[in-house]
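Peer 1: So the chains spell out like this:
2 protein chains.
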Amino acid sequence: MGSWKYARPIFLWKDDLMFQKELEDYARLVDSYLAQFPWPTGTLTESMNYSLSAGGKRIRPVLALAAAHAVGGEGEDILPAVCALELIHTYSLIHDDLPAMDNDDYRRGRLANHKVFGEGQAILAGDALLTYAFELLAQPMSGVDSQRQLRAVREVAQAAGPEGMVGGQMLDLEAEEKQLNLAELERVHRLKTGAILVVAARLGAILAGGTEEKIEALTRYAQAIGLAFQIKDDILDLESDSETLGKPAHSDLRQHKSTYPSLMGLAGAKLELKIKTDEAHAALTVLGERAVFLHELADYIAQRKY
Amino acid sequence: MGSWKYARPIFLWKDDLMFQKELEDYARLVDSYLAQFPWPTGTLTESMNYSLSAGGKRIRPVLALAAAHAVGGEGEDILPAVCALELIHTYSLIHDDLPAMDNDDYRRGRLANHKVFGEGQAILAGDALLTYAFELLAQPMSGVDSQRQLRAVREVAQAAGPEGMVGGQMLDLEAEEKQLNLAELERVHRLKTGAILVVAARLGAILAGGTEEKIEALTRYAQAIGLAFQIKDDILDLESDSETLGKPAHSDLRQHKSTYPSLMGLAGAKLELKIKTDEAHAALTVLGERAVFLHELADYIAQRKY
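As they're listed, the protein sequences go chains A and B.
At position 171 of the first sequence (counting the first as 1) the number is 171 in full-length UniProt numbering, and the numbers step up by one without a gap.
At position 247 of the second sequence (counting the first as 1) the number is 247 in full-length UniProt numbering, and the numbers step up by one without a gap.
Hints are computed from structural coordinates only; laboratory data are not their basis.
Remember, predicted model here, so these are calculated numbers, not experimental data.
Note that CB positions come from ideal geometry on N, CA and C, so glycine has one too.
Any given hint might turn out to be false.
[What the hints assert, rightly or not] Partner residues aside, some chain B positions facing chain A, computed with beta carbon under 10 Å:
id, residue
1, F19
2, Q20
3, L23
4, A27
5, L93
6, E119
7, V156
8, V166
[Unchecked claim] No more than 35 Å apart at the CA atoms, straight line, and that leaves these computed lysine-lysine pairs for DSBU-like:
id, chain 1, residue 1, chain 2, residue 2
9, A, K21, A, K57
10, B, K247, A, K115
11, B, K178, A, K115
12, B, K257, A, K115
13, A, K274, A, K257
14, A, K21, A, K247
15, A, K178, A, K115
16, A, K247, A, K305
17, B, K274, A, K115
18, B, K270, B, K57
19, A, K257, A, K247
20, B, K257, B, K274
21, B, K178, A, K247
22, B, K115, A, K178
23, A, K257, B, K257
Using the sequences and the hints, build the whole thing.
Peer 2: And the structure:
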């Protein structure tokens with residue numbers, strides 16, 4: 001998708017294959033780190049690993065690594081902190097799927113954690129992943145200033161906590177079967193999924209020593225792609241089929257959920273997606289050539305098929 | 001209770017009233033800090049506060065403050081980190097009480113969180129308390145070295161996570177209706193309740209700038225009072241009545257739980273309590289006069305009526 005308001009500098013054009021390879025390289029780096037945790041053997045570890053190894057796009061750690069690169073750092077050193085974001089994401093999925101929450105039996109085509117290990121065990125696996133995430137965030141990381149690292153811990157906790165993700169999940173729980181207006185819908189998304197994406201970008205930039213100006217630029221970028229991601233999700237649910245998506249299509253309609261298309265119409269949602277994608281590109285200006293991957297990532301989110 | 005193997009120096013004798021007052025002063029300091037969190041209004045905050053304000057002995061923050069004092073520090077500066085321990089303890093109680101876990105409808109004489117707010121909400125309140133605890137642990141605290149603070153974050157996460165409290169809770173869940181031997185019972189206690197008590201003492205000492213020798217001494221002290229606490233709990237369940245305890249007496253017997261008295265006999269459990277209390281006193285030697293309160297706390301745990 002080309003940008004319409006903000007032209008992208010010519011040097012940013014790269015072919016899609018190269019982007020795909022970089023995306024996979026980042027994800028592989030994350031996966032290899034995730035595979036080597038020295039957890040004790042037992043049901044708890046099995047249950048944590050079951051959900052952690054279920055795949056997914058690793059979008060949060062990838063975003064953090066790309067943000068670190070964009071401000072001039074390299075990713076290997078900050079892998080523990082970056083992977084903590086995937087643990088937090090995974091814990092939130094495990095708890096979301098519980099009978100007392102969204103009551104989903106399947107996740108990414110496999111049985112949900114609580115269907116395999118039991119509800120009590122799933123609650124504990126989520127608790128353990130969340131807690132271990134903070135152990136990772138506080139790991140010694142070479143070349144990272146300890147004041148900045150403490151700030152990163154604090155910001156991740158804030159983004160994941162009552163004023164962020166958990167707060168959004170509570171709003172979502174309370175909004176079941178209720179029609180939301182656009183402002184309310186955006187608030188749920190901003191808290192439930194947006195806050196962690198934003199902190200992923202900030203975390204990478206903070207740990208890699210980025211300036212406040214660059215941290216703020218990445219914040220605006222992540223806010224924009226966070227909403228773009230959600231709008232695209234809503235559009236795909238409407239326009240795609242279950243086989244392509246790997247999950248039931250048209251489920252928003254069946255569940256009478258408020259979505260961008262239901263509130264703005266399909267054309268309105270597509271326009272909004274374009275606006276958010278353009279905002280994402282624009283936010284990156286200050287980062288120059290080191291942000292190539294992030295430009296491609298914004299397009300990828302808007303163009304993905306599932 | 002006097003010490004039989006290790007005589008306590010004469011200057012440590014203080015009257016019980018003075019200890020009670022100090023205990024209350026510490027707890028009041030904690031309560032006043034807990035009462036002023038700037039959480040957003042709504043069900044989530046209500047639910048978090050419901051459990052957080054349910055009282056309890058505040059033993060973990062008190063232990064941390066006393067440990068900080070024992071190594072030469074003062075407590076006010078490290079209150080955020082110290083109170084994080086109470087949030088972690090409270091989250092663990094909320095999740096423990098859930099139907100999928102211990103299925104308790106009451107806690108400290110009040111309805112359990114999930115009975116008042118619903119299961120999904122209780123899961124989220126626990127998640128939010130745990131997450132906010134790490135925000136507190138990473139707060140700027142005047143006079144605290146940031147390397148030490150990161151170590152404290154890491155140690156608390158480790159003590160609360162899969163190799164600590166959550167791991168112990170999983171063992172406990174798997175041990176239901178199963179007879180444990182003494183080694184297994186101690187392992188459950190060491191992980192489920194001991195790890196957080198130990199890290200409370202370490203946290204106070206680490207943040208207040210204590211030497212490794214003093215941190216280790218406080219570790220041994222906390223290990224001993226942790227087990228003493230559990231042994232005393234088991235003895236009280238057997239010897240006391242429901243009115244005094246504020247919870248049903250003889251419940252271990254009814255639930256066929258493995259306890260110290262069931263595995264060592266009542267006399268054996270009382271001897272073990274004395275041994276652990278003596279170990280606690282002995283561990284404090286290196287701390288001298290600044291550990292007066294901790295000596296009294298060990299006796300208080302062994303002598304308490306509920």
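Peer 1: Please go over all the hints and tell whether each is borne out by the structure.
Peer 2: We went through each hint and held it up to the structure:
Hint status for B:F19 relative to chain A: violated, with the closest Cβ pair at about 33 Å, above 10 Å. Using the Cβ-Cβ criterion of 10 Å, the hint placing B:Q20 at the interface with chain A is not satisfied: the shortest such distance is roughly 34 Å. Interface hint at B:L23: violated, since its Cβ lies 29 Å from the closest Cβ of chain A, which is beyond the 10 Å cut-off. The beta carbon of B:A27 is not positioned within 10 Å of any beta carbon in chain A (closest approach about 24 Å), and the interface hint is therefore violated.
Of the supplied interface hints, the one on B:L93 is violated, with its beta-carbon coming no nearer than about 12 Å to a beta-carbon of chain A, more than 10 Å. Taken as an interface hint, B:E119 checks out: its beta carbon lies about 4 Å from the nearest beta carbon of chain A, inside 10 Å. The closest approach between the C-beta of B:V156 and any C-beta of chain A is roughly 8 Å, which is under the 10 Å cut-off, so the hint is satisfied. For B:V166, the interface hint holds, the least distance from its beta-carbon to any beta-carbon of chain A being 4 Å, beneath 10 Å.
A C-alpha spacing of about 13 Å is found between A:K21 and A:K57, which places the hinted pair at or below 35 Å, so the restraint holds. Of the supplied pair hints, the one linking B:K247 and A:K115 holds, its CA atoms being roughly 34 Å apart against a limit of 35 Å. At most 35 Å may separate the alpha-carbon atoms for a hinted pair to count; B:K178 and A:K115 meet this at roughly 23 Å. Distance hint between B:K257 and A:K115 is fulfilled; the C-alpha atoms sit about 28 Å from each other, no more than 35 Å.
Among the hinted pairs, A:K274 with A:K257 is consistent with the structure: their alpha-carbon atoms are about 22 Å apart, no more than 35 Å. Distance restraint check for A:K21 and A:K247: the Cα-Cα separation of roughly 25 Å lies within the 35 Å cut-off, and the hinted pair is therefore satisfied. For the suggested pair A:K178 and A:K115, the alpha carbons sit about 28 Å apart, so the restraint of at most 35 Å is met. Distance hint between A:K247 and A:K305 is fulfilled; the C-alpha atoms sit about 13 Å from each other, no more than 35 Å.
Restraint check: the Cα-Cα separation between B:K274 and A:K115 comes to about 46 Å, which exceeds 35 Å; the hinted pair is violated. Distance restraint check for B:K270 and B:K57: the Cα-Cα separation of roughly 23 Å lies within the 35 Å cut-off, and the hinted pair is therefore satisfied. Restraint check: the Cα-Cα separation between A:K257 and A:K247 comes to about 16 Å, which is no more than 35 Å; the hinted pair holds. For the hint linking B:K257 to B:K274, the alpha-carbon distance of about 22 Å falls within 35 Å, and the restraint holds.
Taken as a hint, the B:K178 and A:K247 pair is broken in the structure, with Cα atoms around 40 Å apart against an allowance of 35 Å. For the proposed pair B:K115 and A:K178, the alpha carbon gap of about 23 Å is at most 35 Å, so the pair holds. Note on A:K257 and B:K257: the hinted pairing is violated, with a Cα-Cα distance of about 47 Å set against a maximum of 35 Å.
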